[in-house]
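Q: Sequence:
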Amino acid sequence: MKVFNLACEHGHLFEGWFASHEAFEEQQNKGLVVCPFCESNVISRQLSAPRLNLSGATHKSSAIVESSGVHPGNEQAFNASAAQMLEMMRSFIAKTEDVGKQFAEEARKIHYGEAPERSIRGQATDQEREALREEGIETYALPIPSFLKEPMQ
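Last residue of the sequence shown? That's 153 in this note's numbering, and every number before it is there in order.
Hint data in this document are derived by calculation from the structure and do not stem from the laboratory.
So the derived label-pair ranges between C-beta atoms look like this:
id: 1; residue 1: 20; residue 2: 108; range: 47 to 55 Å
id: 2; residue 1: 13; residue 2: 126; range: 19 to 27 Å
id: 3; residue 1: 94; residue 2: 131; range: 24 to 32 Å
id: 4; residue 1: 140; residue 2: 40; range: 14 to 22 Å
id: 5; residue 1: 134; residue 2: 1; range: 43 to 51 Å
id: 6; residue 1: 96; residue 2: 21; range: 40 to 48 Å
id: 7; residue 1: 81; residue 2: 42; range: 24 to 32 Å
id: 8; residue 1: 45; residue 2: 101; range: 25 to 33 Å
id: 9; residue 1: 12; residue 2: 133; range: 19 to 27 Å
id: 10; residue 1: 140; residue 2: 114; range: 16 to 24 Å
id: 11; residue 1: 26; residue 2: 130; range: 36 to 44 Å
id: 12; residue 1: 95; residue 2: 15; range: 27 to 35 Å
id: 13; residue 1: 3; residue 2: 115; range: 46 to 54 Å
Pairs of lysine-lysine residues, derived as DSSO-like cross-links and limited to a Cα-Cα distance of at most 30 Å, are as follows:
id: 14; residue 1: 2; residue 2: 30
id: 15; residue 1: 109; residue 2: 95
id: 16; residue 1: 101; residue 2: 30
Glycine is no exception: its CB is placed at the ideal position from the N, C-alpha and C atoms.
Put together the whole structure using the sequences plus the hints.
A: This is how it looks when you write it as structure tokens:
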């Protein structure tokens, strides 16, 4: 099993697990490796320290543990934080209307009183977001993984 540190074109960092280096290359060439945050398939490998599995070595260096910030109990705190973040995103999705690619147009209608005031979400280009900002319409970029948009089984 190979574990690679990966990054998308937007700078999101994540980890990918592959059967081999060749399996990673094959999946990447087919566009199957996607960012879990923004779903971009423009992915690059990042530098990472190799993990050496030496026979007879049964303990971790305390210097490595200290420098990585990983201590016993931190994993539970991280998992709790990740669960809270997912719950917040699900709540956000439930309380907003998805207007898709019509986001900029709909945001303007709401801002100028041409549509009822409500919380919306959708997609906008960088140019559309900049134009909205210049008009005094505040927006926030929040990448939402597609699996959160689907109903839970």
